[in-house]
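Novice: The residues making up each chain are set out below.
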Amino acid sequence: MKTRLTSDARRALADAGFTRRAFLKGSGALIVTFASAATFDRVNGVFAQGFNGTGSNRLDSWIAIGQDGIVTAYTGKCDFGQGLYTAQMQLVAEELNVPFDRVRLIQCDTSMTPDQGTTSGQQSHPTNFNTTNLALAAATARETLLQLAAARFGGSANGLVAKEGVISASDGPSSRRVSYAELIGGKKFEVQLDPKARRKHPREWTVLGTAVARVDMRDMVTGRFEFVHNVRVPGMLHGAVVRPPSVGATVMGVDESSVRDVPGLVNVVVKQNFVGVVTQKPWHAMQAASRLKVSWSAGTGLPSQRDAYQQIRTQPAADTLLVDSGDVDATLKSAATVVRATYQHPYQMHGSIGSSCAVADVQGDKATLWSATQSAYPTRNTTATLLGLKQENVRVIYTRGAGCYGINGADTVTYDAAMLSQAVGKPVRVQLSRKDEMAWENYGNLFAIDQRIGLDAKNNIIVWDYEAWSAARGGRPGYNTPGNVVTGSLLGLNPAGFTPRSPAPPPSQPLNNGSNTAPSYIAGRVRDSQNGAGIVRSERVLSHRVRSPFFTGPLRAPERLQNTFAHESFMDEIAAHVKADPVEYRLRHLNHARLSAAIRAAAKAANWQTRPSPRPGQRETGVASGRGIACVCYEGDNGYVAMIADVDVDQASGQVRVTRLVVAQDCGPISNPDGMRNQIEGGAIQGMSRALGEEVTWDAEKVTSIDWRTYHPLPLGFAIPKIETVLINQPDVEACGSGETAITVVAAAIGNAIFDATGARIRTVPFTPERVKAALAARRSQSTA
Amino acid sequence: MAITLKVNGRSQSVDVDPATPLLYVLSDDLALHGPKFGCGLGQCGACTVISNGQAIRSCVTPVSTVANAEIRTLEGLGTPEKPHPIQQAFIDEQAAQCGFCLSGVILTAKAFLDKNPKASEQQIQQALSGVLCRCYVNVRMLKAVNRYAKEAAR
Chain R
11 MKTRLTSDAR RALADAGFTR RAFLKGSGAL IVTFASAATF DRVNGVFAQG
61 FNGTGSNRLD SWIAIGQDGI VTAYTGKCDF GQGLYTAQMQ LVAEELNVPF
111 DRVRLIQCDT SMTPDQGTTS GQQSHPTNFN TTNLALAAAT ARETLLQLAA
161 ARFGGSANGL VAKEGVISAS DGPSSRRVSY AELIGGKKFE VQLDPKARRK
211 HPREWTVLGT AVARVDMRDM VTGRFEFVHN VRVPGMLHGA VVRPPSVGAT
261 VMGVDESSVR DVPGLVNVVV KQNFVGVVTQ KPWHAMQAAS RLKVSWSAGT
311 GLPSQRDAYQ QIRTQPAADT LLVDSGDVDA TLKSAATVVR ATYQHPYQMH
361 GSIGSSCAVA DVQGDKATLW SATQSAYPTR NTTATLLGLK QENVRVIYTR
411 GAGCYGINGA DTVTYDAAML SQAVGKPVRV QLSRKDEMAW ENYGNLFAID
461 QRIGLDAKNN IIVWDYEAWS AARGGRPGYN TPGNVVTGSL LGLNPAGFTP
511 RSPAPPPSQP LNNGSNTAPS YIAGRVRDSQ NGAGIVRSER VLSHRVRSPF
561 FTGPLRAPER LQNTFAHESF MDEIAAHVKA DPVEYRLRHL NHARLSAAIR
611 AAAKAANWQT RPSPRPGQRE TGVASGRGIA CVCYEGDNGY VAMIADVDVD
661 QASGQVRVTR LVVAQDCGPI SNPDGMRNQI EGGAIQGMSR ALGEEVTWDA
711 EKVTSIDWRT YHPLPLGFAI PKIETVLINQ PDVEACGSGE TAITVVAAAI
761 GNAIFDATGA RIRTVPFTPE RVKAALAARR SQSTA
Chain L
1350 MAITLKVNGR SQSVDVDPAT PLLYVLSDDL ALHGPKFGCG LGQCGACTVI
1400 SNGQAIRSCV TPVSTVANAE IRTLEGLGTP EKPHPIQQAF IDEQAAQCGF
1450 CLSGVILTAK AFLDKNPKAS EQQIQQALSG VLCRCYVNVR MLKAVNRYAK
1500 EAAR
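Residue numbers (the numbering used here), protein chains in the order written: chain R, 11 to 795; chain L, 1350 to 1503.
Think of the hints as simulated: they come from the structure by calculation, not from any bench.
Beta carbons: idealized from backbone N, C-alpha and C, even for Gly.
There may be inaccurate statements among the hints.
Result set (DSSO-like, lysine-lysine): computed pairs, CA atoms no more than 30 Å apart in a straight line [what the hints assert, rightly or not]: (1) R:K614 to R:K732; (2) L:K1464 to R:K732; (3) L:K1431 to L:K1499; (4) R:K732 to L:K1355; (5) R:K343 to R:K400; (6) R:K291 to L:K1355; (7) R:K436 to L:K1467.
Label-pair distances were calculated between CB atoms; the ranges are [unchecked claim]: (8) L:Q1471 to R:R208: 51 to 59 Å; (9) R:P683 to L:A1502: 30 to 38 Å; (10) L:P1434 to R:V588: 42 to 50 Å; (11) R:R323 to L:Q1471: 42 to 50 Å.
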């Protein structure tokens, strides 16, 4: 789908050129201004990632109403397939009391929309659907229109009713009617966002809260939708990049004559370790890239994958203590029983189905970029840095790519296209090869997690000790670190610095469980605060972050998934150890009404039978069936979920078949129930794929997961489970996200079900048949103490 | 070299290197949006088109081998205003997230059902075993295909 511009927007853009400065001088209703709106950001809450940008406190930056009554809204939160575009249109229609089809939305274009940083971490609902940013803008607009109508009628705004874009006096003569277009059409509001503007209560909703069909669906299924891969600019050339053959290799020389006979060759571009080619046709770009002779130095070498989980424990680390009650060792010593276990989670990749693509048009001191980045403004700034241009002379137009699930290759390929376009002075489109996408993306982090708990004589958990090692390098480039992804690094820019620090200073801030490092069952006490979801008061949460040889970055439920796999599997081990029912045992250790409600809702929907695991009377041969539960407060306070998995385990082959997933999820007031369901279903099965098959592999010098034969996601044809969703609508609280909640608990729910079925505990993801068989074979010798 | 392609019922002549994969010609020379570059290796299905009734992976099909074949892309099935019944089934089920894989899913299913109109749900699933959807909209996509299969069989 092309961004649908209103006539006002088109005129304003045409007047403005594409620089913001010029834009501000433009006339018309569409005026974008960028004063800081920091005062409206929540001080506390769910902004765990801190990439929410400055927004704007000017209403005209968010909403414009044309002379035709069409409402154009501008958002810095983009849709990459999760349905946010439609949901934001619902929000604007709802707050402004205009029909849904009269709303237009422009997303993430640095010449038009406010800077809302990065769209990620299911932060868009907390950010734009509660009491700040787009929601506040829409509410302010409605109230401003009511005031304007009151002034026109000569009275107060009380008793005026806004409906379908028309304001009338509820008890007055019918002549007292005025449309939004008559009040403001084509003109600026010239007011600031009003923090006191009243959001409609979810119980009043008629557009939000309903299953509005996605506005992009028809174009997608009929092949009309315009992805960034489809962007064509007049005079556009095609580029491809040549990445190093091994991690850390540097360019020694490039033999340009090796591609001299490639038809349509325009240029070979070498800048430090960045190597690319530009040709007339995309096929020839791919050929030139594979044929170009580059001599590379030897790489830096990689640690053995076999020892990876041990190796990270021996590296210089930056340590963080999130919680430390100071009495953990003593409590463990006095405990009646101590249970311990180690959990391991591999590097996994975003593995977008479309390899990443971008189009750049760098002309002199100006640049336009069509990019699928989740971070329009940050990408504008970092690309400007790489190009040596002024930020205001670079325009990033967000254009959807293949589903990204975090930082895939979209940012790095934007840099690739920009560098190649600058080198040839013409627009260049770059599409990465499958191998370039997979071998160099920012993987989800590798984790090794040790946990110990102590029980009292009544089998209650009295102490929980968590200690984790994880590996990281780079990440999202943010506004000023292009070296956090491969292209920036090849161009000589460093990834974010890494300073080992051990031991960690004692915790000083109230627990922010944004990465779900702390298990749900601890009290989370720091000084006078208590932000945990549980009751265990002797508690320590210690993390060691080491340098990874690979780029890493947020992958759907980043760190939360790895941590939750460890916490929720371990909780299940403890329940089994004391022969308690896993649901009952969880509830006993929680102090969190919404998480407990999600657990109860899932148990009820799944017809959960109260009993300990493993299931009694199972044989150690044939197909065994079991059930498992897992739950989490996503990011501590950004959504609540419980999932129950039913599995069949073929004990001869080690194959795990998930037969049913029951998911109960609470994300506050639900904007679009069908959209939420779609996210839960997709997250659940993507979580299965990650739990059962996905793992990045490497050899002594390079990543060896380079296509769909060497990286193992589940295809469309495998037997899918029945998925039952229970949507817990909470109209009286703030909105949370729902895109990453469900996936967080899948691995633990499945692992716990495997244990229930077989008595075998698998503590390393993915649960490949070989690993399952090894765990089955180890059953008799297994001991948790 | 000039090659004539019949795409979505229209004959078009393109002047390309005959070794060029069909996908590049469709998406670059003919500016079609349906078939996508996913892997370039024939592994994921995003580039699928129907050629003489057969679902093929256009990213590994040299254009010279399909000269004069009847090629249909996702946009050749129906329009946003008048979608093909299988596309309508995907709209009814809201069976997509990012939408990048849809050529593989819809066209593979359609070509299979054209030949096997009475296929069971399990056979349909089997037919899609080489198709990837990384958003994992599996539940809805299979529902949509089965819905279409039932309607088409009637």
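Novice: None of the hints should be skipped; say for each whether it holds.
Specialist: Status of the hints after comparison with the structure:
1. R:K614 to R:K732: Holds - the C-alpha atoms of K732 of chain R and K614 of chain R are around 16 Å apart, at most 30 Å.
2. L:K1464 to R:K732: holds, 28 Å
3. L:K1431 to L:K1499: holds, 20 Å
4. R:K732 to L:K1355: violated, 42 Å
5. R:K343 to R:K400: Not OK: K343 of chain R and K400 of chain R at ~61 Å, beyond 30 Å, violated.
6. R:K291 to L:K1355: holds, 21 Å
7. R:K436 to L:K1467: violated, 53 Å
8. L:Q1471 to R:R208: 51 to 59 Å: holds, 54 Å
9. R:P683 to L:A1502: 30 to 38 Å: holds, 31 Å
10. L:P1434 to R:V588: 42 to 50 Å: At roughly 56 Å between Cβ atoms, V588 of chain R and P1434 of chain L fall outside 42 to 50 Å, so the hint is violated.
11. R:R323 to L:Q1471: 42 to 50 Å: Holds, at about 46 Å.
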